[in-house]
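Asker: Spelled out, the chains give:
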Amino acid sequence: MTTTIRGLMGACCLAAFGAPLAAETITVATVNNGDMIRMQGLMAQFNEKHPDIEVNWVTLEENVLRQRVTTDIATKGGQYDVLTIGNYEVPIWAKQGWLLPLDDMGADYDAADFLAPVAQALTVDDKLYAAPFYAESAMLMYRSDLLEKAGLTMPEDPTWDFITEAAEKMTDKDAGVYGICLRGKAGWGENMAFLTAMSHSMGARWFDMEWKPQFDSPEWKETLDTYLNLMTKYGPPGASSNGFNENLALFQTGKCGMWMDATVAASFVSNPEESTVADNVAFAPFPHKDGVDNHGNWLWSWNLAIPASSTKQEASKAFVAWATSKEYTNLVAEEDGIANAPPGTRTSLYANEEYLKAPFAQPTLTAIENANTQHPSVQEVPYTGGQWISIPEFQAIGTAVGQVFSAALAGTSTADQALTAAQTLTQREMQRAGYPK
Amino acid sequence: MATQASRAAGRLMISPAVIVLFLWMIVPLGMTIYFSFLRYNLLIPGDHAFAGFENYQFFFTDPNFWPALINTLLLVGGVLLITTVGGILLALLLDQPMFGQGIVRVLVIAPFFVMPTVSALVWKNMFMNPVNGIFGWLANVFGVPPYDFLSQAPLLSIILIVAWQWLPFATLILLTALQSLDSEQLEAAEMDGAGPFSRFFHIMLPHLSRAATVVILIQTIFLLSIFAEILVTTNGGPGNASTNLTYLVYSQSLLQYDVGLGSAGGIVAVILANIVAIFLMRMIGKNLEA
Amino acid sequence: MARASTTQRKIVVTVIAWIIALAIFFPILWTILTSFKTEADAIAIPPKFLNFTWTLDNYITVQERSDYFRHFMNSVIISLGSTVLALIVAIPAAWSMAFVPGKRTKDILMWMLSTKMMPAVGVLIPIYLIFRDWGLLDSRTGLIIVLMLMNLPIVVWMLYTYFKEIPGEILEAARMDGASLGKEILYVLTPMAVPGIASTLLLNIILAWNEAFWTLNLTTSNAAPLSTFIASYSSPEGLFYAKLSAASTMAIAPILILGWFSQKQLVRGLTFGAVK
Numbered sequence: 000m001t002t003t004i005r006g007l008m009g010a011c012c013l014a015a016f017g018a019p020l021a022a023e024t025i026t027v028a029t030v031n032n033g034d035m036i037r038m039q040g041l042m043a044q045f046n047e048k049h050p051d052i053e054v055n056w057v058t059l060e061e062n063v064l065r066q067r068v069t070t071d072i073a074t075k076g077g078q079y080d081v082l083t084i085g086n087y088e089v090p091i092w093a094k095q096g097w098l099l100p101l102d103d104m105g106a107d108y109d110a111a112d113f114l115a116p117v118a119q120a121l122t123v124d125d126k127l128y129a130a131p132f133y134a135e136s137a138m139l140m141y142r143s144d145l146l147e148k149a150g151l152t153m154p155e156d157p158t159w160d161f162i163t164e165a166a167e168k169m170t171d172k173d174a175g176v177y178g179i180c181l182r183g184k185a186g187w188g189e190n191m192a193f194l195t196a197m198s199h200s201m202g203a204r205w206f207d208m209e210w211k212p213q214f215d216s217p218e219w220k221e222t223l224d225t226y227l228n229l230m231t232k233y234g235p236p237g238a239s240s241n242g243f244n245e246n247l248a249l250f251q252t253g254k255c256g257m258w259m260d261a262t263v264a265a266s267f268v269s270n271p272e273e274s275t276v277a278d279n280v281a282f283a284p285f286p287h288k289d290g291v292d293n294h295g296n297w298l299w300s301w302n303l304a305i306p307a308s309s310t311k312q313e314a315s316k317a318f319v320a321w322a323t324s325k326e327y328t329n330l331v332a333e334e335d336g337i338a339n340a341p342p343g344t345r346t347s348l349y350a351n352e353e354y355l356k357a358p359f360a361q362p363t364l365t366a367i368e369n370a371n372t373q374h375p376s377v378q379e380v381p382y383t384g385g386q387w388i389s390i391p392e393f394q395a396i397g398t399a400v401g402q403v404f405s406a407a408l409a410g411t412s413t414a415d416q417a418l419t420a421a422q423t424l425t426q427r428e429m430q431r432a433g434y435p436k
Numbered sequence: 000m001a002t003q004a005s006r007a008a009g010r011l012m013i014s015p016a017v018i019v020l021f022l023w024m025i026v027p028l029g030m031t032i033y034f035s036f037l038r039y040n041l042l043i044p045g046d047h048a049f050a051g052f053e054n055y056q057f058f059f060t061d062p063n064f065w066p067a068l069i070n071t072l073l074l075v076g077g078v079l080l081i082t083t084v085g086g087i088l089l090a091l092l093l094d095q096p097m098f099g100q101g102i103v104r105v106l107v108i109a110p111f112f113v114m115p116t117v118s119a120l121v122w123k124n125m126f127m128n129p130v131n132g133i134f135g136w137l138a139n140v141f142g143v144p145p146y147d148f149l150s151q152a153p154l155l156s157i158i159l160i161v162a163w164q165w166l167p168f169a170t171l172i173l174l175t176a177l178q179s180l181d182s183e184q185l186e187a188a189e190m191d192g193a194g195p196f197s198r199f200f201h202i203m204l205p206h207l208s209r210a211a212t213v214v215i216l217i218q219t220i221f222l223l224s225i226f227a228e229i230l231v232t233t234n235g236g237p238g239n240a241s242t243n244l245t246y247l248v249y250s251q252s253l254l255q256y257d258v259g260l261g262s263a264g265g266i267v268a269v270i271l272a273n274i275v276a277i278f279l280m281r282m283i284g285k286n287l288e289a
Numbered sequence: 000m001a002r003a004s005t006t007q008r009k010i011v012v013t014v015i016a017w018i019i020a021l022a023i024f025f026p027i028l029w030t031i032l033t034s035f036k037t038e039a040d041a042i043a044i045p046p047k048f049l050n051f052t053w054t055l056d057n058y059i060t061v062q063e064r065s066d067y068f069r070h071f072m073n074s075v076i077i078s079l080g081s082t083v084l085a086l087i088v089a090i091p092a093a094w095s096m097a098f099v100p101g102k103r104t105k106d107i108l109m110w111m112l113s114t115k116m117m118p119a120v121g122v123l124i125p126i127y128l129i130f131r132d133w134g135l136l137d138s139r140t141g142l143i144i145v146l147m148l149m150n151l152p153i154v155v156w157m158l159y160t161y162f163k164e165i166p167g168e169i170l171e172a173a174r175m176d177g178a179s180l181g182k183e184i185l186y187v188l189t190p191m192a193v194p195g196i197a198s199t200l201l202l203n204i205i206l207a208w209n210e211a212f213w214t215l216n217l218t219t220s221n222a223a224p225l226s227t228f229i230a231s232y233s234s235p236e237g238l239f240y241a242k243l244s245a246a247s248t249m250a251i252a253p254i255l256i257l258g259w260f261s262q263k264q265l266v267r268g269l270t271f272g273a274v275k
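Residue numbers (numbering that gives the first Met the number 0), protein chains in the order written: chain B, 0 to 436; chain C, 0 to 289; chain H, 0 to 275.
Chain B on its own, in the form it takes in the complex:
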């Protein structure tokens, strides 16, 4: 009797859901960026392929995500099966043994297809610890119409001197046009990402070989002076609270002449549905100081990783493999057009003639390929990185220094005061952390 009922109920459930009862649910933590949101809309295809895996999305704003995910993995809370983390976290976490190496991702995964600089940043001891979902470097985005009006032409490899000149000539405050928009909002991933890259392009470095901070060097002084000069004279008001998003909105609404930021912005500013200036956007490499062969070495990727403690490793791997596969790229191409494919991770995407038609495709590839995270500065350095420094303490130090520089931009301190403060606080933190190690 009871068995009959059970059997009936089982049949009933099967009929209702059409899926095996052993379905596994994995929880994926991700950031609320456009490409991840798009993926959530394409889950039907994944479910078709893996009917036994149910994906539970947790989408959060970047800072909240980072705090949640870090707390959870460090305390072994076990809340997530797949994490979306940056290439800053990957090597640090991999060395702690927190991440599962992703070596057997299936026959047609083709891990060799990943762009070398991107894959290298995610590799520890020859093992890939996270799969890149999309990657970016930094470049200069500018308004060709405004530059033309100013009577200038963009050199192939612009210098900071040229940028200053162009910013001055493009600025028309009465018309609400500001020559240059740059990040000013404090944070290691906000203004310090830009300023660190800019400092590298000026020939500066964060630390010398004894891990002594270098904010008292002439290169850093030149970096900050140039930045403050550009922003206070030709930048928009309120720049000290502008991050990537704010600048994107400003550029899209036609208020910026030039903007140096992540390459992913390129597809947003040249999308006529979102951007009022889509027709007049052009791209150039990240500027550098005359005589310094360095374009900042900005390299960021959002990656999918699996905590070593996950109890659902196989299902999680299947998901990561799908989300970072060529097949996924093709899927996006079919559904939303190839220009919307997650950029910057696979060589094969940049071999696609169709994709290369997008005006930002080639500049993005060049920028990523030129990013050297192994030797980010022209001087000798004890660290790897790019727009960040690969030590666990960098989040804290970067954010604190970011606050100091943001205050200088807001005009509450001078450049020299800011550099002195940055030097002191970095020294303090490094000493506490026990460097040189």
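It is possible that some hints are incorrect.
[To be verified] Under the rule of at most 25 Å between Cα atoms (straight-line distance), these lysine to aspartate or glutamate pairs were calculated in the DMTMM-like manner:
(1) B:K311 - B:D171
(2) B:K311 - H:D132
(3) B:K48 - H:D137
(4) H:K263 - C:D181
(5) B:K436 - C:E53
(6) B:K75 - H:E63
Don't read these hints as lab results, they were simulated from the structure.
Given chain B, work out where chains C and H should sit, using these hints.
Answerer: Then chains C and H, alone, in the frame of chain B:
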């Protein structure tokens, strides 16, 4: 009046509340005190060595410590000032006969129901942003350069946002108190020739003082730990211009994942908050007894 | 004559009061309006007050992306659960403080309030570790307990101030009639304190609904309330004011409506003994 038996029953009945609160206080507090003596960074697993008072020393010598303390007091004081004075004025206004009083009251109390994160996001992006915000647009209309609230006056901007959220609360309590005022007393004073100001200062204000102390006490408890509004709008900056103690503790324990340092900061914050609390309780306890 | 001036005065008061009320309400109104705009209209300068194309797209997008109803239900369960639990613990405590005060009663009350001053950010890691060990992470039970403890001091205090105003003679009389302690609380005290309990309940639902630190940090998805829902719209790439406004409207609407409908009950008891 109370018998022996009811005393015992009283103790029995108060105990669940006391016990759970005691546990809620002592367990995290105990762990926090313990952590505060360790060298404990979440990102660096392994043994957590005993650190003595190193964390405390580091916290007190943090150049942001004193500014954070001052900002905390300014933030609490500023919001209290705006909400109490504004609350009294609004209560006086809402107490007058008018058309559509119900709707007016509904509109005025609405901000109290809004999540702090939401209100901070809305104020930051849609009002205070100098380029896209409404204030920036208004400035342009009147031909003055847009004022950049969050970078030029970060603490004041946060005070304004928080005051907007708490003004309804103050107004409601003060209004209830005002309505309980004996109207005969006011009429008598009017007969005696007391002007509106004299009536306000000699009859209404003393009557409102109890309600005002309640407003101050409750708000202080919440305002000492203001956090979400700062996180969303300024991240404590520029520099440390809008960093309060809670935010400082946050930036150390969660942004830097330095649990030892954050715990030390947490303990310091608890002690300071309790000092403020004791002052407040003394002040208010007296007033509430009367 | 006198009447005319009263009417005049009433009109002036009405105008002033409406202007101030609308100014205070404006940010909320603006958020609601913006939620019906396209992203381009949302950011337009000069701002578009009513002259824009109304659209429901933002709501549709938000609903497609996140399961609003699940977050909403979690918010309801957590805020209601924690409030009811707090009342159960607090009513006896407040009763005892009000009617059998000891020498230490005031001190206990003040100590309870002082536990609210502990900065939550400082104790997140300890609590997270405890929650992990007890399997309470991402559970509604865990959040109900934490929010109950967070608000318990306020609940005890509010109830205490009401109970204190109830004349002791009534209880004496009930006792004379042979009512037991439990009956005394249930049948004599509670009915008299209903307005007080109602407004305590409402205030705490509001506080619990709007709590955004613990709810955000101790949940993942199953127990995630509306604060997490907001965190996925707060600053994405690209234009987001309209979508953020739609999400915000959805998050605050339930509590706003509850607050408006129950404002009489809320106000009646929201005096903390400040009214004699």
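Asker: Is the hinted pair K311 (chain B) and D132 (chain H) satisfied, with a Cα-Cα distance of at most 25 Å?
Answerer: Cα-Cα ~20 Å, so holds.
Asker: Next pair to validate is K75 (chain B) with E63 (chain H); report whether the Cα-Cα distance is within 25 Å.
Answerer: 32 Å, violated
Asker: Does the structure keep K263 (chain H) and D181 (chain C) at a Cα separation of 25 Å or less?
Answerer: With Cα atoms ~21 Å apart, K263 (chain H) and D181 (chain C) stay inside 25 Å; holds.
Asker: Can you confirm whether the C-alpha distance between K311 (chain B) and D171 (chain B) stays at or below 25 Å?
Answerer: Given pair K311 (chain B), D171 (chain B) is violated - Cα atoms ~57 Å apart, limit 25 Å.
Asker: Would you check the hint for K48 (chain B) and D137 (chain H), treating anything up to 25 Å between C-alpha atoms as holding?
Answerer: 29 Å, violated
Asker: Is the straight-line distance between the alpha-carbon of K436 (chain B) and that of E53 (chain C) 25 Å or less?
Answerer: 19 Å, holds
When held up to the earlier numbered hints, the structure conflicts with 1, 3, 6 and fits the remainder.
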